[in-house]
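Spelled out from the first residue to the last, the chains are:
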Amino acid sequence: MSYSTFNQNHTNPLTEPMFFGNSVSVARYDQQKHSIFEKLIEKQISFFWRPEEVDVSRDRVDFNAMTASEKHIFISNLKYQTLLDSVQGRSPNIALLPIVSLPELETWIETWSFFETIHSRSYTHILRNLFTDPSEVFDDIVINREIQVRANDISQYYDDLIFHTQLWQTHGEGEIEVDGKTYLINQRELKKKLFLCINSVNALEAIRFYVSFACTFAFAEREMMEGNSKIIRLIARDENLHLVSTQHILNLWQYGEDDPEMKEISEELREEALAIFMKAVEQEKQWAHYLFKDGSMIGLNESMLCQYVEYIANLRMEAIGFDAPFDQRSNPLPWMNKYLVSDNVQVAPQEAEISSYLVGQIDSEVSASDLGDFEL
Amino acid sequence: MSDTFKVKVNGQRELTVSASTDGSQGTLLDALEKEQVEVHYHCRNGFCGACRTKLKSGEVTYINEPLAFVRSGDILPCCCVPASDLDIEH
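Chain order of the listed sequences is D and F.
The first sequence runs 1 to 376 under the UniProt record's numbering.
The second sequence runs 1 to 90 under the UniProt record's numbering.
Keep in mind that the hints were calculated from the coordinates and are not lab data.
Note that the Cβ used here is the ideal one computed from N, Cα and C, for glycine as well.
Be careful, since some hints might not be right.
Stated by the list, open to error - To spell it out: a stretch of chain D is covered by chain F in this simulated footprint if at least three of its residues, at any positions, have a beta carbon under 8 Å from a beta carbon of chain F; those stretches are: (1) 31 to 45; (2) 117 to 131; (3) 236 to 244; (4) 334 to 341.
Chain D on its own, in the form it takes in the complex:
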């Protein structure tokens, strides 16, 4: 089942499953099996922004005034987010594009990944402003043990899916030996790997980002690092949309509105999916512990942050059909919401309805005075 960049077989994308059907041929969006992905593309593109539009120059003064423990919190979170977006800027493309079967979903995946690369570029924008040479920060991302543990968990499901898909596309189904190790390749096994991978990505978008978001917005509450906080708000808005897409994929499978085999797998691997989510929750709590190891910051401490992780995990798990596992039903950080409301996000100039920013616009209003000097 080798991949073709333009599948010449006549297929009907309206009857294809989301993944592991025929590969996409014509990129057409006039008819859609799951129109939600086209709507997500539109929404995401309407959110377009550039890190350079946000002035972060004042942040350097704030950063230099921070205590050592606050600096540790701030920089560690940036490192972690850099890792997350490094993975997300490429992995959906590499893992999912070779197996996707719907044009609208294919384009959504590309749009999604593209926006993660904007996020990655914005971390460089922030760090360049804080340090003359940010290399030390970037270099530590691959050495720091706390980050490594998380990197492992985040990338392993992607890597597993990518490797097995490659074997399937080059060798077909069966037992395949590579470097003395035998792999059983068939479509059902691949679909299971896909299911676990999407669950892991869903947990990433659902909670992994939120510990850092909370710290950033806690600084903003004290009117510190406001340029940085503006950027993180834009990132949070995008991540919300990405989360919606993975929730949609999982729910479409669960409700049997896509591939019937994926419905079976959703039931079969329910416990494993739950375990992936719970492990992410645990890791985020450990991350909170690591952040506050040298001391807290005003307005936020380890236990509040852990309560917030539990609170948000409840919301996220109910969204994909699990029972809420934690008692934390009220929001321990109510000020977070004001940073997550999408209307409070300052729009980029090109989004606003200022005619000077509307590309190729025509003023179609004609008043009587425009014809004042017109004579027959």
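Assemble the complex: chain D is given as a structure, and chain F must be docked to it using the hints.
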């Protein structure tokens, strides 16, 4: 044009909510907030799903089409208004 409906929240409080499908009376989420119900929300725009609420009985009308997946039995109060008396768990 607006109608008034009774909204029962978490089996305890009963609120009177005026609703208009043109959005001029605000959303169900706005109404809950006004009555000091502790609400869950993020985007207030129908795409994040954080305000997901169980609808035990009644019907709602969406004034903006939600982008978040709405599971059966759930509603997103940030983008809907009551279309009948409601019994909800938020």
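message: Of all the hints numbered above, which does this structure not satisfy? Sort the numbers upward.
response: 2
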